[in-house]
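*Asks:* Required output: the full structure, derived from the provided sequences and hints.
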Amino acid sequence: MSKPTFLYQLAQEILKSQSFGTDTLSELTIILPNKRAKVFLLDELKKLVSNNVFAPEIISIEDFIQDIAGIRSVDSVELLFEFYEVYLSLTEKDKQDSFENFANWAKTLLQDFNEIDRYLLDPNKILKYLEDIKEIEHWSVDVDKRTDLIEKHLLFWKKLPGYYHSLYQHLLNKGIGYQGLIYREAEKNLDHFSENNNDKQFVFAGFNALNQAEEKIIQHLLALDVAKIYWDIDETLLNDSFHDAGLFQRKFKSEWIYYKTHPYEWISNDFKAEKNIHVIATSKSIGQAKIAGSIIEKQAEKGNLQNVALVLGEESLLLPMLYSLPANVDALNITMGFSSKNNPAQLLIAKLFKLHTNAITRNPSAYVMYYKDVLDVLTHPLIEPYVNANELVSIINKNNYSFITHKKLEELYAKSDELFSLLFQKWDSGSVTVLENISQILLKIKGNLSYENEEEKITNAFVYSIFKVINKMISYFSEHDSINDLKTLQAIYKQVIDVAEVSFEGEPLSGLQVMGVLESRVLDFETVIITSVNEGKFPAGKTTNSFIPYDVKLQYGLPTYKEKDAIYTYHFYHLLQRATNIYLIYNSDSQGFDAGEKSRFITQLEIEKQPNHNLTFQYYNPDVPNIAHQPIVVPKTESVMVRLREIADKGFSPSSLTTYIRNPIQFYFQRVLRISETDEVEENIAVNTLGTIIHGTLEELYKPTIGRLLTIEDIKNCISKIDDEVLNQFKNVYKEGEIKKGRNLLAFEVAKRNVLNFLKTELESIEKEGDEIQIISLETTYERVLTNARLPFPVLIKGNVDRIELRNGKIRIVDYKTGKVDKNNVILKDWNGLTEDIKNDKIIQVLAYAFMYEEQANNRDMEAGIISFKNLKTGFSPFKFRPEKDIPQFISAEIMESYLEQIVILLQEILNVDIPFEEKI
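Our numbering puts the first residue of the sequence shown at 76, with every later residue one more than the last.
Treat the hints with care, as some may be off.
[What the hints assert, rightly or not] Pairs of lysine-lysine residues, derived as PhoX-like cross-links and limited to a Cα-Cα distance of at most 20 Å, are as follows:
1. Lys-365 with Lys-121
2. Lys-447 with Lys-483
3. Lys-673 with Lys-637
4. Lys-806 with Lys-816
5. Lys-249 with Lys-547
6. Lys-628 with Lys-617
7. Lys-562 with Lys-501
These are calculated hints, taken from the structure and not from any lab test.
*Replies:* In structure tokens form, the structure reads like this:
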């Protein structure tokens with residue numbers, strides 16, 4: 076860097092050990108705001124030292140306070156468990172909350188306890204204040220008219236001091252504590268610590284906001300002349316009484332007794348220096364990642380990325396950002412952890428929780444699992460390659476198993492596989508057993524992974540991070556056996572996993588530095604790229620997760636959103652302080668999902684622009700193509716033509732011809748490439764499945780009557796068998812699918828109603844109209860070769876006809892339609908363009924059936940049409956060409972000739988090597 080960094084100046088000062096009254100560096104303890112800065116400070120010291128020396132002790136402020144207090148810090152989950160234990164001991168058995176309900180308010184309360192302790196306030200005063208506020212809120216209600224709910228509410232506030240003191244003592248007895256408790260105890264233990272460490276010197280460096288406990292501790296050590304403190308503030312920010320970046324340091328400078336006789340060190344004058352500040356607006360988070368990537372690419376072309384920092388205002392941007400980094404980034408250090416929310420091992424555990432909790436809720440004894448939950452687990456990338464359950468997945472899909480009992484699942488998967496058994500082992504034996512089961516699953520997965528393969532090495536890191544979390548939870552639940560509920564376990568797991576991260580490996584001192592806002596403390600860079608410079612992200616904005624009202628906080632000196640904003644302001648301006656090239660990228664979309672508003676920091680830079688600051692504004696919009704989707708075009712190669720000849724020999728069905736009309740590319744996929752839809756469980760009966768069931772039912776009912784005249788008794792006999800036959804068809808078609816409840820029960824009833832209504836119309840036509848009906852065939856396949864000089868070779872037309880009957884001496888070809896079809900759908904006004912419009916698909920189908928059966932009709936009058944089950948009142952709707960009146964119209968030789976002429980035109984197009992298959996959009 077062109078300017079000396081703060082850590083470089085600090086390293087120089089440290090090497091002047093005499094100025095601290097020590098002979099060697101090892102007698103010095105350097106206290107920094109975070110652990111990360113230690114590596115960079117040591118590097119600066121290494122550059123300045125020519126011979127071997129013992130380095131000073133460098134620790135974070137939190138570790139230092141823990142050393143003074145002599146108390147171990149516990150994480151938020153362990154603290155919650157300890158607090159619940161205290162809560163149970165103070166609360167009558169019948170009034171105790173479940174852990175889940177307790178956690179909802181305890182987390183907020185613990186946060187307040189923490190703040191009270193960090194600022195060394197009297198807990199009795201504040202908590203009594205809260206109780207009095209709640210009493211005042213209910214003054215309007217007479218004491219004798221207060222409901223149980225009001226009484227419970229007021230009692231809760233009365234109990235807060237008891238909760239605080241009992242928890243405090245409970246933790247002290249165990250030698251553990253939360254941050255505030257440790258700070259309070261450190262302040263009490265300060266004299267003892269000073270006496271035992273009077274030969275040591277302490278250097279505090281790079282701090283900004285301090286709580287009351289930190290202030291007292293640092294001032295105490297300064298007063299004893301065993302410590303020095305070095306701030307990092309620019310005079311522009313410090314001297315402006317309205318600038319939030321200097322809010323805390325103005326207070327310390329004016330209030331601390333130490334500064335009555337000592338200079339305030341260090342005040343720099345770097346902010347006014349020449350800076351190129353590029354403010355870039357773009358839409359959405361991905362746009363920001365892409366722009367940041369292109370800036371880094373240009374920086375990499377100029378040379379080393381050693382002095383370039385990428386600061387992500389929003390941590391969720393990490394993954395898109397990594398994908399957007401250019402190839403010329405040769406070294407990279409990521410100080411942020413990869414969130415466990417997207418960890419593949421975590422996603423598997425989340426799916427297992429869902430499967431087992433749902434199974435227990437649904438039916439604890441039968442342990443009924445939902446098929447999607449089962450398939451989610453079996454098809455997970457960490458499971459699928461090792462369980463070999465493809466056959467089981469196929470059986471579930473083909474047989475429509477919507478819900479599977481534990482016993483049935485074991486029957487369907489007959490193999491002996493330890494991992495499969497662990498995955499589907501019942502979770503009904505307590506929390507510790509469940510966690511041990513998960514731990515075994517993760518160990519089994521780890522055993523399947525290789526350390527040789529780079530990808531599997533990364534997966535191993537993911538699995539190990541979750542394994543550590545599960546083991547930690549086993550220790551929690553083993554110690555606290557009062558919490559033994561699966562839903563509570565799941566809630567705690569979700570909470571723990573939110574804070575668990577996978578660390579990235581990298582060389583911290585080389586290459587591009589990718590970090591969050593807090594990781595940037597104490598560090599200086601030549602070029603800084605900051606993303607998500609939006610309100611609510613940078614600064615974070617107002618969030619009130621506290622029981623203590625704003626005015627109470629103000630009165631007692633507790634931090635409010637103003638102080639929080641001031642901390643963010645300092646971090647922002649510190650990043651800019653010694654940088655020369657600054658890129659501020661923000662989301663300009665003000666509406667919709669992932670919307671944002673420009674940060675006040677950008678406006679502040681604009682309004683309070685320094686003379687040497689070169690401020691530029693750029694707006695980037697995504698390049699939206701004029702055509703959203705390019706239609707797929709597939710040329711007819713030699714192999715395609717061979718396949719088309721094969722289809723022509725085996726037979727073009729009427730539905731394949733209409734598929735081509737609908738979309739040639741669909742015809743190509745289905746008929747040429749033979750790509751069929753994968754089997755999936757049909758939870759709710761699809762329309763085509765319902766149609767298959769109705770077709771099958773009518774076929775079975777009418778089958779005994781083929782070849783003879785239908786009688787009234789035949790129809791009545793069919794009506795009596797409807798229920799059994801529909802049920803039989805459901806079982807054949809829908810396999811193991813559930814039909815006794817929900818939508819499927821409605822579909823079952825609809826199928827019965829449709830068949831009954833059809834049979835009633837049939838009965839009426841025999842009884843009242845005296846029709847003579849003789850069924851010739853049901854669901855029979857017919858075929859006929861179409862030969863034409865314009866076709867390159869003969870083409871077989873082949874298809875399945877629903878029903879052919881002889882009605883009153885005339886042939887009638889019937890195509891059943893379970894959907895609603897109007898009689899106008901089978902009326903044609905002009906032959907031209909018949910095969911160009913998909914609206915004519917019904918006409919093309921019924922005339923194809925007529926063509927196939929024509930030779931067997933023996934010159935009898937023939938009509939072809941449809942019967943719509945949703946429009947049974949219309950009855951049979953025959954094909955008609957230019958109907959002048961509503962009179963019967965039979966399929967004449969002229970009609971058939973005109974139809975075949977159009978079909979030949981369609982087949983010519985399909986079989987023409989020069990006309991590619993082109994997608995219709």
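*Asks:* Next, verify each hint and record whether it holds.
*Replies:* Each hint, compared with the structure:
no., hint, in the structure
1, Lys-365 with Lys-121, "violated, 37 Å"
2, Lys-447 with Lys-483, "holds, 15 Å"
3, Lys-673 with Lys-637, "holds, 19 Å"
4, Lys-806 with Lys-816, "holds, 15 Å"
5, Lys-249 with Lys-547, "holds, 18 Å"
6, Lys-628 with Lys-617, "holds, 14 Å"
7, Lys-562 with Lys-501, "holds, 15 Å"
Figure legend: structure checked against the earlier numbered hints; the only hint not met is number 1.
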